[in-house]
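Residue numbers (my numbering), protein chains in the order written: chain A, 1216 to 1465; chain B, 1216 to 1465; chain C, 1216 to 1465.
Do not rely on the hints blindly, as some may be mistaken.
Pairs count within a copy or across copies, as identical chains cannot be separated in the list.
[As the list claims (entries may be wrong)] Computed list of lysine-lysine pairs in DSSO-like fashion (alpha-carbon distance at most 30 Å, straight line): (1) 1271 - 1431; (2) 1421 - 1443; (3) 1227 - 1431; (4) 1391 - 1436; (5) 1410 - 1227; (6) 1421 - 1391; (7) 1327 - 1431; (8) 1429 - 1327; (9) 1391 - 1307; (10) 1435 - 1227; (11) 1431 - 1421; (12) 1391 - 1431; (13) 1443 - 1271; (14) 1327 - 1229; (15) 1431 - 1410; (16) 1227 - 1420; (17) 1427 - 1391; (18) 1435 - 1420; (19) 1443 - 1410; (20) 1421 - 1327; (21) 1307 - 1431; (22) 1227 - 1307.
Since the hints were made in silico from the structure, they are not lab data.
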Amino acid sequence: MSIHSTAIVSEKAKIGENVTIGAYTIVHDNVVIHSNTIIESYCELGVSNQLSQGAKLIIGAESHIRSRSTFYEASTFGRGLVTGHNVTVREKTIVGVNFQLGTLSDVQGHCKIGDFVRTHSNVHIGQHSNIGNFVWIFPYVVLTNDPHPPSSVMQGVTIEDYAVIATMSVVLPGSKIAEGVFIGAHSCIGGSTEKDMLYSGSPAKKIGLASKIKLKDGTKKPAYPWRKHFHRGYPQEVIEQWNNEQLNNV
Amino acid sequence: MSIHSTAIVSEKAKIGENVTIGAYTIVHDNVVIHSNTIIESYCELGVSNQLSQGAKLIIGAESHIRSRSTFYEASTFGRGLVTGHNVTVREKTIVGVNFQLGTLSDVQGHCKIGDFVRTHSNVHIGQHSNIGNFVWIFPYVVLTNDPHPPSSVMQGVTIEDYAVIATMSVVLPGSKIAEGVFIGAHSCIGGSTEKDMLYSGSPAKKIGLASKIKLKDGTKKPAYPWRKHFHRGYPQEVIEQWNNEQLNNV
Amino acid sequence: MSIHSTAIVSEKAKIGENVTIGAYTIVHDNVVIHSNTIIESYCELGVSNQLSQGAKLIIGAESHIRSRSTFYEASTFGRGLVTGHNVTVREKTIVGVNFQLGTLSDVQGHCKIGDFVRTHSNVHIGQHSNIGNFVWIFPYVVLTNDPHPPSSVMQGVTIEDYAVIATMSVVLPGSKIAEGVFIGAHSCIGGSTEKDMLYSGSPAKKIGLASKIKLKDGTKKPAYPWRKHFHRGYPQEVIEQWNNEQLNNV
């Protein structure tokens, strides 16, 4: 355990083996940090508010939280969380393993997020978003929830496994982004979508199968489903499963 | 008064009764913080620049400034300011009571903002914006001011009472958003608008009366004007006034 | 040299004459800060990662880095860098003189940026972007690089001298924004562009010569090329060169 002399760490926080805590970082009472995790400088973990009812912030093992990040109480992250700088995560968010959350991203709380989800920088995940596994969300995407703001109606979005939402798109309240869907950059998507399709535009329209997009790596193979060609950062057992899928489909 | 031992607070700053100042926060000379206010950790208040001519930053009573926020000298906030994390507010902005400014929002200075204005996360308020009362601005909205950037011409936008600007919309320089107007998500709006109308698209077009949007709460009543159904967080006397309006209109 | 007592500055860092370092700022080993530079509070300079191979972060003389900014090792900035608050700059970015980087902007690294480039707030510069001289980029613009995300193909954008990209536009992977081009607000631009033209819309289309846009300052002269009328903040020798261009063109 390596805690910088300027860090302010509550004695009530539970800090696992081999955890590193950087300069000027604050860890409040209701925090559990599992082993082999790095918390960089200027982070504040376990911020309390009236909504968390004393539930703990739990950070899984082997995580890396970059500097200036703020996490509230009452959220749970599986093993291998990786954040950029300056992220904010509010209360009551339940996240699976190996979540990657880009610099300046803002998770508003009350969300469910599956395994191996990746967001790039500056993504806004509204309350009551429900995100599956292996989802990708690119910079400046906003997941909304109020169909006629301001109101008391909350319709969080649902994003299914392997879906991809490209840069600066808005996902309208209550939308269902189906498995393997690709939403093009600068789109505004609402309503339901069909599996493995490409949607683009503002308002977004169905363009066709996402697999029509070809790789610009010289192979001209389909770019989607992306798991057929992009494996960086996933564990070996996941990659093997994807490879087996392809063998079985041939 | 509760000032964390790591906070750096100028002796020249005027701090009211029952003010709380968090860890690693810096308060410079030209700052007045009125009573019962909470300043969280890592904030910097009263940053000086050549434009503020020594005028003070004034934070009204009963305010709550969340962590990592930066405020310059020479702005004034009425009672009940509430910010998210990581906001930046430059000099010469005059704000009424109960302003709520979302996480990562950026007020560029030289603005006028009325009473009970609420912005959600990551809103950019350009210089010389003029915002009325009870306005709502949602995530990733940008209020611009230069009609042909870069130039020395400044045409701040005007947003009148009760107007609503939904997620990821651009308000073009010199636009006038009339009372009760609703701008749909992912729009680009310019020029003048008519009271209580809905505009949407990029470029935005007039769609019809905003009141045609119906509530998705089962009642199917009009969603706009929103003050007919949404009262959360407003003081009792304001709500009573809104209720009386409705009685008189029947 | 003025280093705040709470700043944590490595003895291995090279700090020039008359450098000011603010409260709670961290300067790591592999950092060179040239003379007459101001580093404000809560900055972290010289963050290390596996990609920088020990190369230094070099900040040119007469620079001003505002609070809460994060710079990695292995980037180089010419004289006169000016940042807003809360910027993030990753490794392996080579920048010319007098770069101005707005509040909350995020430079992802592996970029080339010329002289006198200005970005406004909250600009996202993707990896492998190649930006010329005298370029302007306005708030919430995203420069992308992956033509079919996620993938291993990287096609950074190229932006030539004097080009202007207005608010909340996406520049698609591999785009070439030619010299003097103006991209309108809320656009999505891809492919190649022609010199001095105006493009606008999503997807963006060629509208005509940018010089058709007239100044709203009463003169009705062309607003582009902007260097014919906008000189604020440029050194005298640059302005003289621009004036001579105009004399020669008449």
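Status of residue 1431 relative to residue 1271 across identical chains (alpha carbons, at most 30 Å): Cα proximity of residue 1271 and residue 1431: none, with 46 Å in one copy and 34 Å across.
Alpha-carbon proximity context of residue 1431 and residue 1421, limit 30 Å: both (22 Å within a copy, 25 Å between copies)
Alpha-carbon proximity context of residue 1227 and residue 1307, limit 30 Å: within (20 Å within a copy, 41 Å between copies)
Homomeric proximity label, residue 1391 with residue 1436: Cα distance no greater than 30 Å: both (28 Å within a copy, 25 Å between copies)
Within, between, both or neither: residue 1307, residue 1431 at alpha-carbon 30 Å: Between copies only: 25 Å across chains, 41 Å inside a chain, cut-off 30 Å.
Homomeric proximity label, residue 1443 with residue 1410: Cα distance no greater than 30 Å: within (16 Å within a copy, 39 Å between copies)
Alpha-carbon proximity context of residue 1431 and residue 1410, limit 30 Å: Answer is both; intra-copy 23 Å and inter-copy 26 Å each pass.
Homomeric proximity label, residue 1391 with residue 1431: Cα distance no greater than 30 Å: both (29 Å within a copy, 17 Å between copies)
Intra- versus inter-copy proximity for residue 1420 and residue 1435 (alpha-carbon distance at most 30 Å): Both ways: residue 1435 and residue 1420 sit 24 Å apart in one copy and 27 Å across, limit 30 Å.
Homo-oligomer pair classification [residue 1431, residue 1227; C-alpha up to 30 Å]: The answer is neither: 53 Å in one copy and 44 Å across copies each exceed 30 Å.
Up to 30 Å CA-CA - residue 1327 versus residue 1429, copy category: between (32 Å within a copy, 28 Å between copies)
Within, between, both or neither: residue 1410, residue 1227 at alpha-carbon 30 Å: neither (47 Å within a copy, 55 Å between copies)
The earlier numbered hints that this structure contradicts are 1, 3, 5, 10, 13 and 16.
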